[in-house]
Structures are given as C-alpha cells and as structure tokens.
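> Next come the chains, spelled out residue by residue.
2 protein chains.
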Amino acid sequence: MDIKVRKLLVDVHTHCYLPRYAALLRQRTLPPRIVSQNQEGHQLFMYNGQKSASPIGPQYWDRNEKLKFMNLHDIDVSIVSTANPWLDFLDKPSTASQLANELNEDLENYCATSPGVDGFDTMKRLYGFGLLPLIEGIGTEDLLQTVKHITGLPHLKGIIMGTRGVGKGLDDPALEPLWEALSNTKLVVFLHPHYGLGSGAKEAWGDQENGNVLSLGIGFPVETTTAITRLILTGAFDRYPNLRILLAHSGGALPQLSSRIASCISHDPLVSSRLKHDMRYYVSKFYYDAVNYGPEEMGFVADVIGRGTAYSSTPGMRGDRLTGYKRILLGTGKEAKSAKVLETLQAINDVQRWEEEHKDAVRGGNAIELFGLGQ
Amino acid sequence: MDIKVRKLLVDVHTHCYLPRYAALLRQRTLPPRIVSQNQEGHQLFMYNGQKSASPIGPQYWDRNEKLKFMNLHDIDVSIVSTANPWLDFLDKPSTASQLANELNEDLENYCATSPGVDGFDTMKRLYGFGLLPLIEGIGTEDLLQTVKHITGLPHLKGIIMGTRGVGKGLDDPALEPLWEALSNTKLVVFLHPHYGLGSGAKEAWGDQENGNVLSLGIGFPVETTTAITRLILTGAFDRYPNLRILLAHSGGALPQLSSRIASCISHDPLVSSRLKHDMRYYVSKFYYDAVNYGPEEMGFVADVIGRGTAYSSTPGMRGDRLTGYKRILLGTGKEAKSAKVLETLQAINDVQRWEEEHKDAVRGGNAIELFGLGQ
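Going down the list, the protein sequences come from chains S and L.
Oh and the first sequence: position 230 is 245 in the numbering used here, straight run, nothing missing.
Oh and the second sequence: position 7 is 22 in the numbering used here, straight run, nothing missing.
So that you can see chain S by itself, here it is in the shape it has in the complex (with noise of 0.2 angstroms):
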C-alpha cells in the first residue's frame, strides 16, 4: 500500500471559477469579469485588471474538463482552490460572507461526489481549499465562523487567500484570531498572488511595453515573498507554530532571499528582538508548491527548506534537498495548459541528487500525507 500511494500524482495548484462565481463575474461591469469578446468567436476572455485579458474556458466551471485534464497527464488527484482575486473585489461583508459559504458548499459537493481514485477505495479524485470573506470591514466572528464552517466539509482540506488579509496586509494585528483558529485546525493556508506590485507598478514596470511579464514575472513572486515576510516578521510563528502554509509558486523569491532577509533583521534588535528563531528556520517550516519552471529552482528550494534544521534557536545538522523535498508539492498552476504540466514533471525528474523515492513524494507522497488524503 505504501509503496502504491507513493506513485500517485496530486496536483496542489490547481485553480476553478466555481459556476455561481463565474456567473457573478459575467455579470459584472468593472474587473474582475468575464467578458464575451464576439470577434474572436465568442472566446471568453477574464479581465483582472492586468494589461491584458486571459483567454478562459469551461476547464474553469465545467468539473468534467478538470477530470478530462487530469486523466490526460495521469494526475490522480486534484486539491482545487478558487483562482485569483477570490471575493477580495466585493464590497459589502454580508454579501461576501454569505458567498463564502455557498462557494464553500459549492466546492465540498464538486469534490465529494467527484469518483474515486482506482484502487483507493476512500480516496476522491478531488478536494478543495475553501474561501474566507476576507475584505475591508469584515467582522472577525464572521471570519472564524467562515472557518469554522470549512473544518465541518470534509473534502475541503485548507483555504486559499491572498495578500491582502482585511485590507491592511497579513502583519495587520486584526487578524491574529483568525491565524489562532486556523492554527487549531489542520487546514493549509495556500497562500496564492494577485496584487503584484500594486501602487508601485507605474514606477517598477516602467514605459516600455512589455504585456504582463514584469506584473507577473517578477511582480507576483514578490507579493508573495513580502506578504509571507511581514507575516514572520509580528512572530506569528513563535506564537502559532503549527499553523500549515503552502506557498505559491514556490514561495516565489523567498528562498532567493530568505538570507539576506536574515542578514538584515539580524542588524536591527527592534525585529531581532521579536523572533525566536532565525529567518531561514520559519522559512524551512513552510510548504511549497514545484510551480518554479526548473530543476535547479526545485533542487534549491529543497535546499532551503533542508538547511532550516540549523537556524533553529536550538540548531541541529543542517540538511538539503534530501531531506527538504519532504515539503515540496506537484502543482500545475493557473492555465491547466499541458506543456506546463509535462514541464513541472520534468524538472522534478532532472534535480540533481533526487532519487525516484524523492521525486514519488514530490509528485504526490507528501501531499497525500500533509492533507491526509484518503483518511
């Protein structure tokens, strides 16, 4: 049995407009929406306030696309998650609250009576992360209510949020309760992008034109990156270790800069002061998903996460990728496109060092054990 579960593919990045949501976002007039664009054959296109609009199609609210992609790269199982911007868009906290809860419903039913994978008798071809109605003006019992909620659906297996938490950031005090709640909870938190480089943009980006590669190039790696960094830097962690994240692609340049962040805290007592551990050890106790284009990112992110073992306060041997792989999760990202899928598969086959015991838990071992699949 053990050996078999090894040997599935569980993709962890994987994203949908749920029907009731894209119908939300076709009715709408300003970005986010669905827009039919007639000349280019009633191709629907999402706009999201990029430059530009992404093609969209049923793969994003028809479950048997999902499954059809699924069975043509052998994935066994899909953790689905809402994409990019979620309900951050609405206005009103009722409204928001209440969709939470029916898109919740929404996702626990796509997912529970989605089949069973072959020879897996308790094991579902899909599960979801769920949706907190995270906006200005929220209530925090409407938050852990939300939470709550998600812990009684058992397919859902986390939630997936942005970078925006209530509308000051994930170091934003107001939202301490709701890391508490999740924290007793076994949900991962798939913290996922959108905003880029937000106020900044004009001035980074430049006058040339470029489309969308330097917003999502650069621009949505670094979101990441800060928003995880602020959220270690209130020592969060210190006060909640148990708390579950899964950081989207990769934690995007989070392990690039993970000690060069340390170098710096290490020469300011005032945030020094507020951590238990070094940098590089919180970031060691995340999870990441292989959306990072390469073998050599994909080896250095294990890397990273190895090494964390010697930045604890109490430090022991410091790993590698032979150790870190262990929090590394397949995912395929955003366009479901296959040249993306066969190109994450290969470069979890080309890490140097990786034996075939590593790259079965990359592809599907360590998410079948963190979400406790089939339990």
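Treat the hints with caution; some may be incorrect.
Note that identical chains are pooled: a pair holds if it fits in a single copy or bridges any two copies.
[To be verified] Using 27 angstroms as the maximum straight-line C-alpha spacing, the simulated BS3-like pairs for lysine-lysine come out as follows:
id: 1; residue 1: 291; residue 2: 66
id: 2; residue 1: 291; residue 2: 352
id: 3; residue 1: 355; residue 2: 291
id: 4; residue 1: 183; residue 2: 217
id: 5; residue 1: 107; residue 2: 341
id: 6; residue 1: 107; residue 2: 139
id: 7; residue 1: 291; residue 2: 163
id: 8; residue 1: 217; residue 2: 66
id: 9; residue 1: 291; residue 2: 139
id: 10; residue 1: 374; residue 2: 107
id: 11; residue 1: 83; residue 2: 107
id: 12; residue 1: 66; residue 2: 183
id: 13; residue 1: 217; residue 2: 355
id: 14; residue 1: 201; residue 2: 291
id: 15; residue 1: 107; residue 2: 163
id: 16; residue 1: 107; residue 2: 291
id: 17; residue 1: 201; residue 2: 83
id: 18; residue 1: 201; residue 2: 300
id: 19; residue 1: 183; residue 2: 352
Derived from the structure by calculation, the hints contain no laboratory data.
Start from chain S and add chain L according to the hints.
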C-alpha cells in the same frame, strides 16, 4: 604563476565615499547627507532616504582604513566603487559631469598610488569603478565623454551605476548610445540598487515597524532584478553581446525568477519576438558578486549560470555549478564588517560539489581574469 594567481583574494563589491564626495554630503541639508550626531559622541551617520541612518566612519574615505580592513582579512585586491546614491541626487548636468570627472580622477589617484600586491609586480592593491553623470537632462555627449575619460584612467576597470539611468530606467532608448559605447570597451558595468520599490514601498511594506528589513532585504534585490530584466527585454544583449554586467547581491532575485520570467515571455509574442535567446541565456552571461549570504544561494546562482548554455538559440549541453562558478566573484558588501566577510568566505567554502579550484576562482581568480588585473 597561475596557481599563485588563483590564490589571491579579490573583493569586487566594496565601497568608498571619496573625501571630495564625503565633503559634499556633509554640506547638504537634505538626504543624502552625512550628519554628526552629538548625542552619539560625534559619530557620523549617513542619511540615505531609508527609515534609519547608518553609522559611517573613516573606512569610507580614508584609504589607510580600507587597506587595514583588507589586511585583516587577507584581501589582496579591492575594486572600490562609490557607494549609492552616486551622483543621482544632483540636479544640474554640468555639475554632475564635472564632479564625475573629478571623482574619477580622485579614484584613479587613490588606486594608482596604492601599494603593490606582494609578489605580483604589476598588480596594485586597489582598483576602481568610475562614475557616470547619470541624471535627468544630461546629454548623451557628456555620458560618452565620461566613458572615454574613464577608459583613459588605467586603474579604473569599470563603472558603477544605479537603476534609474537618466530618469526612466535602464530600458530608456536614450541610453542606447551608452550601451553601445560601453560594449566597445572592456569596462565592467556594476549594477547596484538604491531605491528599493520607490513609490510602491509604502503599500508593499505596510504599517508595522520593521526598520529597514523589508526595504533592504526585499526592495534592494527586487530593484536590481527589475532593472536588469527591463534591459534584457529591450534586446540590448542581442545588440551588444559584449556588454559586461556585474550584478550586485548576486543578481537579487534574478536567478530564482529567471525561469518564471522566461515562461511569461514565452506567452507574450510581442516580447518574445524581440529576443533572440531564452531569458536564461542572457542571465547566464552576467557576472554575479558572491554577496548572497549562504552556500545554498551561492551554489544555486552558479547552477543558473551554468545551465545557460542550454538556453541559447543554438543550445549546447546544460552546465551546472561546476561550469557556472566562473562568473561569481567575491564581494564583501557595503558595511565592511568582519562578520560579513567571514560569512561570505564560509559560504564559498561550503558550496556542495565545489572543489578548491572552483573556490579559488570565486575568491579571486575570476576577478583577475575578468578585470585583467596586473596586465
């Protein structure tokens, strides 16, 4: 001789504020400025637009202090550059041009009259990166004249510059003649950050008090990453393949984001049609200082350089850190702190799979070759 050369220590990232420059900063009433704080016992502080000022002392202007620091750490040669913010804050082009020329002459004198390296008759202990008057309104002719002046100063081996060019960044078409002129010299362009996220900082760093941790830990490396990416996206390195670029702080987040950026480019025909090679090829043609704070980062940067051969439009065999080490050069960073030097030397020493020959090259051999020291 060859073995001896490889054993020298050469520091390519170390700064000065020459006496003429420090005097100017002491006269100023707005940042950047050097201020004596009486309550701190006449200690001098550099106010540079960050939240807090840094203590600053004679190691920045007194050459004997620089040499003492080098002796302390057995650094044979330093290639000294004016620290940020260079001449960026000046508003009169004629002042900037004149000061650039004077400071370049000062630096030439600082280096030319320095002691020789024991046992290497023709090699000095100090070489330098000159300055260009890169401010808004400067004429192309003034920039080209300064380049020409620097090429006539035998101990200046390159120029240091920030990310703003003449006000619109490094992808400004107005800089085209400058890149062309530089590509016809052997000067190395040392690209260094100063502004972090600029106007986006307030939103990105949020309301909590984190000193300079976010602006220096994330903002600086992201600034370098964005600036060089924007220059790559103009196709500059297809037009001027001989341009020699040295990236501060090992390129910031560029190595980890290069494959993601390459993926974004491949989805944008407008941008990809402008470029002859995959993003990762250009990335592999730069030089990187060793200021990356850890053996995992060091090895990863070398892997990313090494693999670049596979991303040429006429791909060769994919290399790794055993070929990529050739473009990493010892640097000690701004603060001239002993702990930092020891940490960097330790990181070089601890890179997995590197033999002594690779480490010797990074510690000095690569710089001797790149800058033609002692020739």
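> It remains to establish, for every hint, whether it holds in the given structure.
Here is what the structure says about each hint:
1. 291 <-> 66: between (42 angstroms within a copy, 24 angstroms between copies)
2. 291 <-> 352: Intra 42 angstroms, inter 24 angstroms, cutoff 27 angstroms: inter-copy only.
3. 355 <-> 291: Answer is between: at 22 angstroms across copies they meet the 27 angstroms cutoff, but 39 angstroms inside does not.
4. 183 <-> 217: Both, since 21 angstroms and 11 angstroms are each at most 27 angstroms.
5. 107 <-> 341: neither (41 angstroms within a copy, 57 angstroms between copies)
6. 107 <-> 139: Answer is neither; intra-copy 35 angstroms and inter-copy 69 angstroms both fail.
7. 291 <-> 163: Neither. Shortest intra-copy (30 angstroms) and inter-copy (53 angstroms) distances fail the 27 angstroms Cα cut-off.
8. 217 <-> 66: both (11 angstroms within a copy, 23 angstroms between copies)
9. 291 <-> 139: neither (40 angstroms within a copy, 46 angstroms between copies)
10. 374 <-> 107: Neither way: residue 374 and residue 107 sit 45 angstroms apart in one copy and 59 angstroms across, limit 27 angstroms.
11. 83 <-> 107: So residue 83 and residue 107 fail the 27 angstroms test inside a copy (37 angstroms) and across (64 angstroms) alike.
12. 66 <-> 183: Both: 25 angstroms inside a copy, 20 angstroms across copies.
13. 217 <-> 355: So residue 217 and residue 355 fail the 27 angstroms test inside a copy (29 angstroms) and across (35 angstroms) alike.
14. 201 <-> 291: Within one copy, since 24 angstroms is at most 27 angstroms while 48 angstroms is not.
15. 107 <-> 163: Within one copy, since 21 angstroms is at most 27 angstroms while 63 angstroms is not.
16. 107 <-> 291: neither (39 angstroms within a copy, 49 angstroms between copies)
17. 201 <-> 83: This pair counts as neither: shortest intra-copy Cα distance 30 angstroms, inter-copy 56 angstroms.
18. 201 <-> 300: This pair counts as within: shortest intra-copy Cα distance 15 angstroms, inter-copy 46 angstroms.
19. 183 <-> 352: Classified as neither: same-chain Cα gap 34 angstroms, cross-chain 36 angstroms, threshold 27 angstroms.
Comparing the model with each numbered hint stated earlier shows that hints 5, 6, 7, 9, 10, 11, 13, 16, 17, 19 do not hold.
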